[in-house]
Amino acid sequence: MLPEYLAGAAWMPWAIVLPLWGALLSFLFPRRAAPIGLGVAFLTATAALAVLLQVALGGPRRYQVGGWGAPLGIDLVADGLSALMLAMTAVIGVAISIYARVYLVAAPDKVRRFWPLWMFLWAALNALFQAGDVFNLYVTLELLGLSAVALVALAGSGPALSGAMRYLLVSLFGSLAYLLGVALLYHAYGTVDLALLGERAQGGIQLAVPLGAMIAGLLLKTGLFPFHVWLPPAHGSARAPVSALLSALVVKASFYLLLRLWFTFTPAGQGLPILLGALGTAAIFWGSIQALRQRRLKLLVAYSTVAQLGYLFIAFPLAGMEPALAWGGSIYLALSHAFAKGAMFLAAGSIMTESGHDEIGELDLVVERMPLTLAAFALAGISLAGLPPSGGFVGKWMLLQAAMEQGLWGWALVLIGGGALTAAYVFRVLGFAFTTSPHRHESHSVPGTMEWTALLLALGAVLLGFVAPWALPLLDGVLP
Amino acid sequence: MNANVWLPVMVLASSFIPGMIIFMLPERAVVLRTTLNLGGAVLKIILLVLMMIGVSHGVTYEFRVPFVPGLDFVLHADALSLMFVNLSAVLWLATTVYAIGYLEDSPNRSRFFGYFSLCVTATVGLAMAGNLLTFLVFYEALTLTTYPLVVHRGTEAARRAGRTYLIYTLGGGVLLLTGTIWLYSLTGTLEFVDRGFVAGLGLDPNVLRMIFAVLIMGVGVKAALVPLHAWLPQAMVAPAPVSALLHAVAVVKAGAFGVVRIVYDVFGIEFAASLGVTLPLAVLAAVTIIYGSTRALFQDDLKRRLAFSTVSQVSYITLGVAIAGPIATIGGLVHLVHQGFMKITLFFCAGNLAETLGVHKVSEMAGAGRRMPWTMTAFTLAAFGMIGVPPMAGFISKWYLGLGGLEVGQDWVVLVLAGSSLLNAAYFLPILRTAWFDPPPEEWPHERDFGRKETAWALLLPPIATALAALAWGLFASMPGTPLDWVHLIAARKYAP
Numbered sequence: 001m002l003p004e005y006l007a008g009a010a011w012m013p014w015a016i017v018l019p020l021w022g023a024l025l026s027f028l029f030p031r032r033a034a035p036i037g038l039g040v041a042f043l044t045a046t047a048a049l050a051v052l053l054q055v056a057l058g059g060p061r062r063y064q065v066g067g068w069g070a071p072l073g074i075d076l077v078a079d080g081l082s083a084l085m086l087a088m089t090a091v092i093g094v095a096i097s098i099y100a101r102v103y104l105v106a107a108p109d110k111v112r113r114f115w116p117l118w119m120f121l122w123a124a125l126n127a128l129f130q131a132g133d134v135f136n137l138y139v140t141l142e143l144l145g146l147s148a149v150a151l152v153a154l155a156g157s158g159p160a161l162s163g164a165m166r167y168l169l170v171s172l173f174g175s176l177a178y179l180l181g182v183a184l185l186y187h188a189y190g191t192v193d194l195a196l197l198g199e200r201a202q203g204g205i206q207l208a209v210p211l212g213a214m215i216a217g218l219l220l221k222t223g224l225f226p227f228h229v230w231l232p233p234a235h236g237s238a239r240a241p242v243s244a245l246l247s248a249l250v251v252k253a254s255f256y257l258l259l260r261l262w263f264t265f266t267p268a269g270q271g272l273p274i275l276l277g278a279l280g281t282a283a284i285f286w287g288s289i290q291a292l293r294q295r296r297l298k299l300l301v302a303y304s305t306v307a308q309l310g311y312l313f314i315a316f317p318l319a320g321m322e323p324a325l326a327w328g329g330s331i332y333l334a335l336s337h338a339f340a341k342g343a344m345f346l347a348a349g350s351i352m353t354e355s356g357h358d359e360i361g362e363l364d365l366v367v368e369r370m371p372l373t374l375a376a377f378a379l380a381g382i383s384l385a386g387l388p389p390s391g392g393f394v395g396k397w398m399l400l401q402a403a404m405e406q407g408l409w410g411w412a413l414v415l416i417g418g419g420a421l422t423a424a425y426v427f428r429v430l431g432f433a434f435t436t437s438p439h440r441h442e443s444h445s446v447p448g449t450m451e452w453t454a455l456l457l458a459l460g461a462v463l464l465g466f467v468a469p470w471a472l473p474l475l476d477g478v479l480p
Numbered sequence: 001m002n003a004n005v006w007l008p009v010m011v012l013a014s015s016f017i018p019g020m021i022i023f024m025l026p027e028r029a030v031v032l033r034t035t036l037n038l039g040g041a042v043l044k045i046i047l048l049v050l051m052m053i054g055v056s057h058g059v060t061y062e063f064r065v066p067f068v069p070g071l072d073f074v075l076h077a078d079a080l081s082l083m084f085v086n087l088s089a090v091l092w093l094a095t096t097v098y099a100i101g102y103l104e105d106s107p108n109r110s111r112f113f114g115y116f117s118l119c120v121t122a123t124v125g126l127a128m129a130g131n132l133l134t135f136l137v138f139y140e141a142l143t144l145t146t147y148p149l150v151v152h153r154g155t156e157a158a159r160r161a162g163r164t165y166l167i168y169t170l171g172g173g174v175l176l177l178t179g180t181i182w183l184y185s186l187t188g189t190l191e192f193v194d195r196g197f198v199a200g201l202g203l204d205p206n207v208l209r210m211i212f213a214v215l216i217m218g219v220g221v222k223a224a225l226v227p228l229h230a231w232l233p234q235a236m237v238a239p240a241p242v243s244a245l246l247h248a249v250a251v252v253k254a255g256a257f258g259v260v261r262i263v264y265d266v267f268g269i270e271f272a273a274s275l276g277v278t279l280p281l282a283v284l285a286a287v288t289i290i291y292g293s294t295r296a297l298f299q300d301d302l303k304r305r306l307a308f309s310t311v312s313q314v315s316y317i318t319l320g321v322a323i324a325g326p327i328a329t330i331g332g333l334v335h336l337v338h339q340g341f342m343k344i345t346l347f348f349c350a351g352n353l354a355e356t357l358g359v360h361k362v363s364e365m366a367g368a369g370r371r372m373p374w375t376m377t378a379f380t381l382a383a384f385g386m387i388g389v390p391p392m393a394g395f396i397s398k399w400y401l402g403l404g405g406l407e408v409g410q411d412w413v414v415l416v417l418a419g420s421s422l423l424n425a426a427y428f429l430p431i432l433r434t435a436w437f438d439p440p441p442e443e444w445p446h447e448r449d450f451g452r453k454e455t456a457w458a459l460l461l462p463p464i465a466t467a468l469a470a471l472a473w474g475l476f477a478s479m480p481g482t483p484l485d486w487v488h489l490i491a492a493r494k495y496a497p
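Residue numbers (the working numbering), protein chains in the order written: chain S, 1 to 480; chain L, 1 to 497.
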């Protein structure tokens, strides 16, 4: 086993402090921003993976910042769910950092703005996953939103700026709704600590109103149908690494928060879960059909995010009798989607760099020019469609099983139909990538690093299909 | 951990690892690529011979790891899976040799052979799958790895054929997934066992009939059962080695093998018969046999004619399974092997005609026998086999099928077989007549010169070898070590003693 000084070390705060330092340093030394950022990315990932190891071996942990206890100071909490999210962010964050280092060489003016923002965003993510009270969760959520908006605006183009503006409004509005909920909760129960709230809250209108406000705010930020309208323009117009981190990580943060609240308060009644499931269904079909209709690759991938986020919400109506299968499946889908979607946006970025456009109909034998990138796209697509072997398949299988065990055929058909639609839009892209187009196109060279990072992320999504028996036990005790 | 656990994994790895390396090879690394291809193929056969010896002595080879909650990922080598694995491995070797000759000087060979290896890996995994979930995993993997081969030419026609192929096969995959999860929610197990795991659980027979229908439709797409067959003739735009692989080894056979697994090892043949689902399946197979043969009559494009012939011939397997008697079972299972050898020969020969003379249509084949006697001899042997002329292997299949039908009182089966044989003769004999007896044209559409040989060695030897094998399986059918002998072993385990 691990030596004591490593196993017992305070990795949890380091996972937050390190990227904060990275943000500060890359801001102070703009010329060295890229090497600083990349180095810190590796350090942060190490700290986050160490937390995963600590939780896997020693169970959930609590860390009191500065030695002050819960009511006065800030407590960091890491259980299996937090650890999985931290680890997911670590792996994808490193891949995005490596990719961005090469990708941004062509745009030196973006470099010094990208790295501080991205490091800041990473710190906010890690803090959010380890926050133990609803107010800190608010603070981290707000920081996350602001840095994400700034990253979208980084592209500087017209569509990116208007996308960023919309995103900003939605993000602020969502945070406000959430903050309202926090204030009401504090008023009613006199604490913001999640664990204490879970003990004190007894239901009724006192809980329903703040919880409703918080959930609504989070749905807005997660981009669940019909609150998704801000998502495709923002995710589709940002720079490739930014799109990847938005779709893979940022939307997962608000979903994570939603799960936390849900697990803490376990709202009674059938209405809300069915409503969430129905919205998820609508998201799956609307997002997939929109993705099928897109002519630009990045917008297709962005609409695919709308659809895939819908899947995560199918767990709510299924959790009644089969909580472990439903929540486990949903969380596993979220993890796999992060890998797959990260890979897909990075691959799309490489294709755009190579050919100077991302028209799907003009992909023109991309398979010959960039086999690795196309493999990344295909593998990621397989995971998204829930085809075996992949993490997406495992997640979808668990959700399906939860549905069938309870005889809930409707939800099972939604899951299956959504998978077929996903396969349709993924293979539409592959079909054009494997064949010639009548038009000639310019062609630029793409660094191998960019191709490989996308491929490795996609392989991660496939690999997740084989490690479920080891990853899922981490969730024991977290799920209600 | 001992060798019995790892052998099935090594059989998979013997094509997976070479495939992965081949992807990374530059286009000009011909020697290394060829070595990897052939080395993997030969190694796979050696490993299989080891396992066959073990299985006939009662050793079990099983690899098992947890996969999803409550279910394992299982690779299991029993007599039935070894039969299919062997067929794939031997024909893969033949097809690899052929493809090396066929694709000489054409672009994207690394990609081609890479997917080729993955495709065989998926087929072998599917054959060794120890439960329905593992089967499903490889069934989908097979779809995904063959898609790049179908669209390999990169033309607009290829893209459309690929799309049709995917709509059908992924649709089938969706049905198979639905049936699998439905069954699992009722039974709590998916493990393949001789004579099935569904019987005796006291489940509602109507639900079971529906699950059976869903599962059979799922695999029926790949087995090209009417009306789910339309993708197969369209997929003909792929290069000849791919067609050969699709028709004889991988895709179509995977579907037929799925029917075998579902009927015998999921439901159990006796239980399936008691549910009353085997007779409709047999009728469906019979309809497919007659329909495919009839459509084949009217095709002038040689590969399309062969494709419709496959639609018809593969359903013999389903028919044999669905008649639900031990003798018919033998006929159906042995046809899985026999049809593989005969059909791959036909596609190799069609490829030779196209590559050497530029001949793609039956109407252009006049005098082909004089120009390419060896190729046409192999073609003739295989065609006689398809018609069911003794002593070719196809005769053995039909003989057992017919006897099996009579054994259980299904006399109509004999009529179907007779009718199909007539139709087979009607679409094969004109080809043979024009190729052997009509005078060759002044000039072939697109002739290539190979000196004194009729065509390249790599193109000529594989069809001759497979044609001779198809002859041998018929001539020496009752000798030990033939497919028929092995099938007797399997059939004995699928019926209650």
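Read the hints as simulated data drawn from the structure, not as lab findings.
Be a bit skeptical, because a hint or two may be false.
Derived Cβ-Cβ restraints for the label pairs, each shown as a range [to be verified]: (1) S/Pro473 <-> L/Val5: 17 to 27 angstroms; (2) L/Ile53 <-> S/Pro438: 50 to 60 angstroms; (3) L/Arg195 <-> S/Ser443: 36 to 46 angstroms.
Glycine included, every Cβ here is placed at the ideal spot set by N, Cα and C.
> Within 50 to 60 angstroms or not, the Cβ separation of isoleucine 53 of chain L and proline 438 of chain S?
Replying inline: holds (57 angstroms)
>> I want to verify a distance hint. Is the separation of the beta carbons of proline 473 of chain S and valine 5 of chain L within 17 to 27 angstroms?
In response: 24 angstroms Cβ-Cβ, so the 17 to 27 angstroms window holds.
> Is 36 to 46 angstroms a correct range for the gap between the Cβ atoms of arginine 195 of chain L and serine 443 of chain S?
Replying inline: violated (60 angstroms)
Of the numbered hints given earlier, the model fails hint 3 alone.
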